[in-house]
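S.K.: Here are the chains, one letter per residue:
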Amino acid sequence: MVRAYRPPDFQSALTIMRENRAIPLAGGTDLMVSRRRWSGLSPFFAKPVLFIGHLEEIKRVEIDITNIKIGSACSLASLLEHREIPEVLKIVISQMATPAIRNIGTLGGNICNASPAGDALPVLYAMDASVVLQRKAEIRTLPIEKFITGPGETVLKDDELLTSIIIPKKSYNVGFYRKVGTRQANSLSKLSFQGLARIEEGKISDIRISFGAVAMTVIRSREIEEILIEKSGKEIEKLIPEVSSLYSAVIKPIDDQRSNIRYRKTISLKLLRYFLRTVLISKIG
Amino acid sequence: MKGKIGKSIKKIDVAEKTGGYARYIADMRFESMLHAKTLRSSKPRAKIKGIDIPEIPQGYYIVDRNDVPGKNRVKMIVNDQPFFAEDVVNYIGEPILLVVGPDKEKIIKILSEIKVYYEAVKPVFTIEEAEKLNTTPIYGEDNCFADYEIEKGDPDEAFGRAAKIVENEYRTGYQEHIYLEPQGMIGIYESNRVTVYGSMQCPYFVKNALIQGLGWGGDRIRVVQTTTGGAFGGKEEYPSLIAGHVAFAAVKAGKPVRLIFNRKEDIQATTKRHPSIIRLKTALDDHKKIIATDVDIKMDGGAYSGLSNVVLQRAMFAATGVYNIPNVRVRGRAFATNNVPSGALRGFGGPQAFFAIEMNMHALADHVSEDPLDFKIKHMLKKGDHTVTGGVLRQDVKLDEMTDMVLGMSDYRKKYDEFSKNDDQVLRGIGLSLFYHGCAFTGSGEKDIIKAEVKLKKREDGKVLILIANVDMGQGAQTTLRKIVARTLCIPVDDVIYENPDTDVVPDSGPTVASRTVMIVGFLLDKAAQELKAEWEKAPEVEVHKVYEQPGYIRWDQETFEGDAYPVYSWGTNVVEVEVDPVTCEIKVKGIWGVYDVGTAIDERIIQGQIEGGISQGLGYATIEVMNSKDGKILQDSITDYIIPCSMYFPGIESKLIDSYYEYGPYGAKCAGELPFIGAAPALASAVQNALNVQIKRIPVTPEYLMETAEGEN
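First to last, the sequence lines map onto chains F and U. Quick note on the numbering used here: the first sequence kicks off at 1 and runs consecutively. Quick note on the numbering used here: the second sequence kicks off at 1 and runs consecutively.
Any given hint might turn out to be false.
As the list claims (entries may be wrong) - Using 25 Å as the maximum straight-line C-alpha spacing, the simulated BS3-like pairs for lysine-lysine come out as follows:
1) U:LYS590 - F:LYS270
2) F:LYS170 - F:LYS59
3) U:LYS421 - F:LYS270
4) U:LYS590 - U:LYS415
What the hints assert, rightly or not - Derived coverage of chain F by chain U (criterion: at least 3 residues anywhere in the stretch with Cβ under 8 Å from a Cβ of chain U; other residues may be distant):
5) 31-45
6) 184-190
Calculated from the structure, these hints are not laboratory results. For every residue, glycine included, the Cβ atom is placed at its ideal position computed from N, Cα and C.
Sequences are here, hints too, so could you generate the full structure?
M.R.: Dropping the structure here:
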């Protein structure tokens, strides 16, 4: 049997976490699959389960002048319908899993699952997202890349809950996302690419590039992005080989049942060049 | 019933399946029923040195080789596969024993405490390794389940005078059935009899396997098919194995025992389509005409022979495709490896052969700078021509008419020319395939092996029972066979009753395989209905019985493989249009067209369903259905990793049937179930070839393969 708690409110949830070190379950679309057993038997959870998917306090989207704050238990489908969610994030979410899973799966769950192929991660890394973590007496905020430390690994403490995701408001005028999976709908990524940029007066004023499923965690390098700042179309064209080889050094995919090292690496770099040359430079003109 | 028989009616099983009240094996409950779970080999090849079994609580049982009362071999063409492993295991997933009991938790605990001591033996994982024979053979002396050769004309003489000789090698991969309902059986032992309920295609295969395994008379064994949620060949031979398991367990425990696989177990342990390597050497004369071909077909049969030799035969008999080649040599071998046994899957050897031959025709055309379609057309078979086995094509061959139709529907010629101009921005391509499927069992199999029997019974209330062993597994047999009988008897379809077969009630009308059900069994039912009609008024209850009689024209020698390999052929042509992403090499299917000659369609919508399902499954095989085995273990063992097409994956399919009539089929029907699968892969691969201007030599055509091929050629 699995012991499970369904707290009436968020504060009770924190109390239960402190007392039981439970496993938080929001939508359960990853947990229930990974822990399923012989049909008819309960899934295996070594620790008690805490249901949090119904807690209103972490199902809200709050907007202020500088940030968008998304409750960790917001379902993916609800974000697609929300007027204030940035279009670049919606593009990503709309390609995640199936409508049924998006109805119950949450953004917080996708982050805490910390899969190298987690679909929401590259865009969150690119948008400088932070996560808000809370336990009974403490709230802390971390950049997402500090939160996720490896495949399936985060710095979440065993009595702590991810409560919200903070995305700084920025306006990008170039966005390019590509998820490469075996099938267009409902498949896991072999690799993914996210490019965001702002072009002002024929030059790049802001650029963010991230790669999913090609290393232990999402790849984003501010140092390499820096090279492209304030550059014109012509200058970028010249920089493509250098930038490409810098990313090549950090893209370290694996061979597995879905794809192989060579394809993942080659296509990631092809998408990078496609973004820089075909999307970005053509936009700069 | 008036008008054409093909006019569609509502499919009989639609309501219960869409309504969710169809009862599958997993829905069935019996009093004090026990659960069973299988302990499987974790080694690809090993001797079993010993097994430690913990103390088993009251009411729990271990069922293993010692509990097989009869012969511990699953009845197959060759009896080499044990129900439970004896002193050796030959593949990962091979069943060693069952743990049976009332509580699943406890069963899992017992399983986790059993320890098997293995002594590893050097395994064989690939066709190449099996051929090299660098370890003790798994089967026989040469590791071949079958090694056949057939010859037509004088290939040596023709190769001797050839102007050009071209060689190509093609490879095809595994394919998994992914029937929605996994394998499952329930065994019951009462009153000195065993009854097995389960998801299956062939109740009498199962019954015969139980006769051998139990060592009992057939009168003590009853097999009942339960509503089957998809099969595709996967429930042809495999159910015999697990029917044995539940039967032995039920006898031992004295209680009903149920064994139902989960998806992972089903993928890891059950049969798949045979991977193949097919090498074709072709001789051309000065006029760019093929004068001879030498085909070498190698298949990975896995650890036990199963149906490998007949799958291989079907591939060999298709080795020249729809083309008239006067001089042919075909060698076929099915090798034993320490992979999961390969088995029946829609097409049964045909898809492998047709992929190779169609791509080879394309490559030959390129080689002699001819348009591939024109090159194919000039070699096309015609009525009266001889097949690879020297059989005569007695019925009409309407390939030219069908090709014209599909060219018109798809605008192939114009698109082919347009797409052939190299344009790196948009990589579009179009491809065409021509193919056939030999209907029903090979050669004289229907007469010599199957000997189908059917019964029709008029009840007092005027309703008519169809008594046959064939099953509806989603393909529509319940609907089409009812339509045939109703029409012949001039009674409403609703007055014809056709229950899931129960071997206590129905005669052996043969297995539901080889696209034979409508053509062979349906024809017998039609004859039975004619007889019943004549005797309708003679008594309140009338039963008629019919036995298969082979049409007089069939000549076949099973020893030499000479003569009419099949009673008749169904034909098809497909066009597929694709777009290939220039950055990621992903393939998007943009258009699909098909024209088929299946004789008379008994129900047009059911045929359309077979066409659309077959093409989709074939395109999955050709593109995204990647299954690899590493050190004997299947890597893609979930539907998360083994991806099949979904309904969004393809555009609409435009298909047409041409008028055709076969006098030994009911109302002129031939075969249709497997045919539409066969042409999809070569059409897709040809389209990709057209788009990228590279030679496609294997399926699945993955983006990984395309990227490497494109890089290799640059």
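S.K.: Now look at each hint and say whether the structure bears it out.
M.R.: Hints versus structure:
1. U:LYS590 - F:LYS270: Measuring from Cα to Cα gives roughly 24 Å; hence the hint holds.
2. F:LYS170 - F:LYS59: Holds - the C-alpha atoms of LYS59 of chain F and LYS170 of chain F are around 23 Å apart, at most 25 Å.
3. U:LYS421 - F:LYS270: This hinted pair holds, its Cα atoms lying about 24 Å apart.
4. U:LYS590 - U:LYS415: Holds. LYS590 of chain U to LYS415 of chain U sits at ~12 Å (cutoff 25 Å).
5. 31-45: holds (count 5)
6. 184-190: As far as the stretch 184-190 of chain F goes, the hint holds, because 5 residues have Cβ atoms under 8 Å from chain U.
Violated hints for the displayed structure: none, as all numbered hints are satisfied.
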